[in-house]
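Q: Sequences listed follow chains G and U, in order. With our numbering, the residue at position 168 of the first sequence is 168, and numbering never jumps. With our numbering, the residue at position 104 of the second sequence is 1104, and numbering never jumps.
Please keep in mind that the hints were generated in silico from the structure rather than gathered at the bench. It cannot be assumed that every hint is accurate.
[Said to hold, decoys possible] Derived pair list, reagent style DSS-like, types lysine-lysine, alpha-carbon separation capped at 30 Å:
id, chain 1, residue 1, chain 2, residue 2
1, U, Lys1089, G, Lys505
2, U, Lys1089, G, Lys217
3, G, Lys409, G, Lys371
4, U, Lys1089, G, Lys225
5, U, Lys1033, G, Lys217
6, G, Lys114, G, Lys48
7, G, Lys225, U, Lys1033
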Amino acid sequence: MIRDHFRVLIVDLSTGQRTISDIDGRDTVAGGSGLAAMLFEKYGFLGKPWDDPGQPLIFAIGPLTGYFPLMSKTVCAFKSPYHDQYAESHGGGRSALSLRFADADALVITGKAKSPSALIVGSRQIELKDVHYLWGTDLQVAGKILRRMFPGAGHRTILRIGPAGERQSPMACITADTYRHFGRLGGGAVMGAKNLKAIMIHGDASFPLPEGNAYAKLFEEVYAKMTDTDMMSKYHNLGTPINVAVLNDIKALPIRNLQATADPATAGITGERFAEVALLRNAACAGCPVGCIHIGFVRERFQKENRYLYRQISYDHELIFAVGSMLGVMDCFEVLKLIDVAEKMGLDVMSPGVALAWATEALGKGIITEKETLLPLAFGDSTSYQAALRHMAYGTNEFYQLLSQSTMKAAERYGGGDFACVLGQEMAGYATGETFFVSQALGLRHSHLDAGGYAYDQKPKGKTVEDAVKFLIQDEKGRCFLTSMVSCLFARGVYTDEVLANCLKSVGYGSLADNMDTVSEEIQRLRWNMRIRSGFRPENVSIPKRFTEITTWKGQIDTLFLEDLKKEYGRKILEMAG
Amino acid sequence: MRELAMKILTTPRMERCIGCHSCSLACARLVHKRLSWDTAGIRIRSSGGLSTGFEARTCLACDPAPCVAACPTGAYKQRRGGGVVVTKKLCIRCGECAKACPVDAIYLDTSGEPFVCIHCGRCVQYCPHDCLEHTEILKEASETAEHAAEQTGEAAS
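Using the sequences and the accompanying hints, generate a full structural model.
A: Structural data, given as structure tokens:
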């Protein structure tokens, strides 16, 4: 619904109180990332720990959600168990359209349920149900039961957590509709701390469209760009896994705990290889005709006779890197098996993959022993890693409890911090060089999507620190406006400032369209303000030695440039936060 | 009786569906002037979880249509070639049409207003995987259907 304010559903799990609040700010923070930060400022407690029952878990959509193609993501914000600071995590599936059609711009969940519960929200329903019998179930089992329990198949989202979230591991994700995730920084643990196994959002309302034909005409133009041109072909074709071969070719693919950046054996896990032998079908987030979700399969012989079962598992570049190249697992079916275990456990795939890569090297170096790992972890040994992922989810011993908090927590206890591949959190799958390393290490989400540092690294040489910082700040500004709409960042080539302004105007947000630059700056400031006030200190972030030891297509890492860039970007972040 | 060429919406390639809902959104946007994935003549749902694919809920162009027989006011009339023509001003929001439909193709909004496919085919071009088709069929039209079509035209009103 087009409104000049936000309609926010607030649920207190402790008291059961449910409120609908009209909140101003559409023309200053837009929605999505901006709205989430504003709501965190209003309902969060910057000085209290992440698991204080009062802390909010926020889901926010934007002014264009559902109105245009690929406006299909939801921003989730919370105080992170990973670093006990403000955090954002983005997810898709049907979450965004379900919230739109539940007639809410945001859902704010505070308090802690008395027993394991499921929250059900719709345009005419807000209900909390006891689901203690689901506590302890893996995500596949929980998903099947939850689907049976609640109405709205096809027009709802079911957000849920697995054993890792219940145990409050900072590597626990929130899974949306089987194949999408609010993956990083521990949103799953926040749900776990609230005794919340699942959130079901039923999108059961409909709204009038703007009068006149401007909106419908513009929709056609945008839709045609998304589907008829080559702009989205990367995502439609091989998907993000196309990056595996590309990065390997330029010596920028993290391999075996970043001990290498290229290896011919990665031919077994390229996007091309996956498409050839393991791709089963594609799927889409609701409202996205591109359908970038790639679903592969594994089959498993479970009896001596020829008896098999099969599973469908979605894959992306980041997952293939984390439990493939990073662990030296160079067979696509073995990669899918590892993703499958992490999925069932409700673990974000990226962080545990990178953490286990560190553990493997640490074991090899004798820093830890099998007494800690319980398994003979070795690069390429998928079977051991499958068991290790379960240990991480359940926190089987002290070692796995620490490792499932973060690689650095384990390194602080056992040593080996020099080769921990951590950039604010466990690294993303790009070893492109200095700008990316700094961008992820200091980025608000510690994500490769905060700013295009990996692309900047691939531009011709002759860069200065000043230019790189300028690029990172400008690029982040544009992206945080997009994530306030809330667009999928894969559509950033289509949604230029001009197109976005036209979209906003066509549905009645003329004032927002006229002030995009100012609003972007305000959103950027507000997000950083939340992060800094909740404890982030850019000067305390270190980039481990391993990142300076690699060789890419450009040669050795320029450590001086790296340090200067980190220092200057950190200074600018503090300046932006105000 | 005589043969008539009419077009109906069919969903012959739903195995290809990725669940983007572009068809439903297009129908709601273009035919019913609404932002919705419900108030549409075609609606997509997963068939027992996302891992088992998707199915379309849409009118199968019955002739005779059970919803026409169930409608107490004559708001529903048989469409030539199958399906129905709905005159909304005659509808009393009783919901009998939706109850009568054997394939759950009619959506009732919260006020009881029915939404059913009018076989215009406008959703077809929005499917990125060509799951849908606007198919020409030859049917022997009954005199009743011809009469109804003459009276009501072919667009939903």
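Q: It remains to establish, for every hint, whether it holds in the given structure.
A: Against the structure, the hints come out as follows:
1. The suggested pairing of U:Lys1089 with G:Lys505 is violated, with an alpha-carbon distance near 33 Å, which exceeds 30 Å.
2. For the given pair, U:Lys1089 sits about 29 Å from G:Lys217 by alpha-carbon distance, which is consistent with the 30 Å threshold.
3. For the hint linking G:Lys409 to G:Lys371, the alpha-carbon distance of about 18 Å falls within 30 Å, and the restraint holds.
4. Between U:Lys1089 and G:Lys225 the alpha-carbon distance is near 39 Å, which puts this suggested pair outside the 30 Å criterion.
5. With a CA separation close to 13 Å, the supplied pair U:Lys1033 and G:Lys217 stays within the 30 Å bound.
6. For the suggested pair G:Lys114 and G:Lys48, the alpha carbons sit about 21 Å apart, so the restraint of at most 30 Å is met.
7. Proximity of G:Lys225 to U:Lys1033 is assessed by CA-CA distance (about 22 Å); at most 30 Å being required, the pair is judged to hold.
The structure shown violates the earlier hints numbered 1 and 4.
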